[in-house]
Amino acid sequence: MQPVPSVLAILVCDSVIIDSPTKKQSVIGIFDNIHSAQVPFSQRLGFYARLTDAEGEYKFTVRIVYVGDEEQIVAGLESDTVPVRDRLEVFNLALNLPPVPFRKFGRYEFQLFANNVFIGRAVISALKLEVK
Amino acid sequence: MQPMTISEATPLGMPLPPVTPLTRLRSPAVRVDADVPPREPPELLKRNTTAEKVLFAPNIDGRLKIMEPFVVRVEWREGLVTARIEDIDEFGYGCNSGEALYDLGKTLAELYLFLRENADRLSPDLHSIWLKLSEHIQLRQP
Numbered sequence: 001m002q003p004v005p006s007v008l009a010i011l012v013c014d015s016v017i018i019d020s021p022t023k024k025q026s027v028i029g030i031f032d033n034i035h036s037a038q039v040p041f042s043q044r045l046g047f048y049a050r051l052t053d054a055e056g057e058y059k060f061t062v063r064i065v066y067v068g069d070e071e072q073i074v075a076g077l078e079s080d081t082v083p084v085r086d087r088l089e090v091f092n093l094a095l096n097l098p099p100v101p102f103r104k105f106g107r108y109e110f111q112l113f114a115n116n117v118f119i120g121r122a123v124i125s126a127l128k129l130e131v132k
Numbered sequence: 133m134q135p136m137t138i139s140e141a142t143p144l145g146m147p148l149p150p151v152t153p154l155t156r157l158r159s160p161a162v163r164v165d166a167d168v169p170p171r172e173p174p175e176l177l178k179r180n181t182t183a184e185k186v187l188f189a190p191n192i193d194g195r196l197k198i199m200e201p202f203v204v205r206v207e208w209r210e211g212l213v214t215a216r217i218e219d220i221d222e223f224g225y226g227c228n229s230g231e232a233l234y235d236l237g238k239t240l241a242e243l244y245l246f247l248r249e250n251a252d253r254l255s256p257d258l259h260s261i262w263l264k265l266s267e268h269i270q271l272r273q274p
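Going down the list, the protein sequences come from chains A and S. Numbering of the first sequence is given in the working numbering, commencing with residue 1 and proceeding in unit increments. Numbering of the second sequence is given in the working numbering, commencing with residue 133 and proceeding in unit increments.
Note that these hints are calculated values from the structure, not bench results. Errors might be hidden in some of the hints.
Here are the computed lysine to aspartate or glutamate pairs in the EDC-like style, where the Cα-Cα straight-line distance is at most 16 Å [stated by the list, open to error]:
1. A:Lys-59 with A:Glu-78
2. S:Lys-238 with S:Asp-221
3. A:Lys-59 with S:Glu-172
4. A:Lys-59 with S:Glu-175
5. S:Lys-185 with S:Glu-218
6. S:Lys-178 with A:Glu-78
7. S:Lys-197 with A:Asp-53
8. S:Lys-185 with S:Asp-221
9. S:Lys-185 with S:Asp-219
10. A:Lys-104 with A:Glu-70
11. S:Lys-185 with S:Glu-207
12. A:Lys-128 with A:Asp-32
Only chain A is shown next, with the shape it has when bound in the complex (with noise of 0.2 Å):
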């Protein structure tokens, strides 16, 4: 059986840049909460995950799910296929997202699938920005 991924770290951040000759990556802007005078709002964001002991070929999914109230999936992104040579091996999955809505002020959470098994989260909060 295929092995699932073990997840060394998740983390949500403005995006993630590419270096196109090297094809290193940069985290810019990790955070936890993102602050707006209003809701409802739209952001771009970046995704980014280090994961290891993966053998095959994966399709990763991320879901944003709002974890109010009344939970609701308000974006999601499912990558190509990915294919690791060797359970040893450290790789990462850099996202950028398409604009993410946030409706309502309240915690999001950002579940990753690999193969549709649930792998791991990271959550942020939206807040109201105070204006003083």
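Please build the complex by placing chain S on the supplied structure of chain A, with the hints as guidance.
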């Protein structure tokens, strides 16, 4: 006190190499741009997160690895969300599905470690749960 000499050296006192070293990734990044043409949303994005079956295999404890995913039924009940593994009748709960799944993970880890420690003196019921858990969870190699 001796004056500090500032020279072209690293903090360890090693001279700088004539050519700056290059750092590289072992494996290329998996990249998905936001600007790819829209596709049919995957089935996972069409579900109701408080009424679904989830294949569950996150990191539940640094010492353990879920080798075979559990099938977890997530349900909204009387103001709480429960995440239940029907095979072994274990569950976690919380205000939302994320909390319920997190709670379930902690419950599974505690149960596995407790049963492992007491494996030689378990009742038949607990022994059967231990066998089922062992089909899914293994200790990580130190």
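Going through the hints against the structure:
no. : hint                     : verdict
1   : A:Lys-59 with A:Glu-78   : holds (7 Å)
2   : S:Lys-238 with S:Asp-221 : holds (15 Å)
3   : A:Lys-59 with S:Glu-172  : holds (15 Å)
4   : A:Lys-59 with S:Glu-175  : holds (12 Å)
5   : S:Lys-185 with S:Glu-218 : holds (11 Å)
6   : S:Lys-178 with A:Glu-78  : holds (13 Å)
7   : S:Lys-197 with A:Asp-53  : holds (10 Å)
8   : S:Lys-185 with S:Asp-221 : holds (15 Å)
9   : S:Lys-185 with S:Asp-219 : holds (13 Å)
10  : A:Lys-104 with A:Glu-70  : holds (10 Å)
11  : S:Lys-185 with S:Glu-207 : holds (9 Å)
12  : A:Lys-128 with A:Asp-32  : holds (14 Å)
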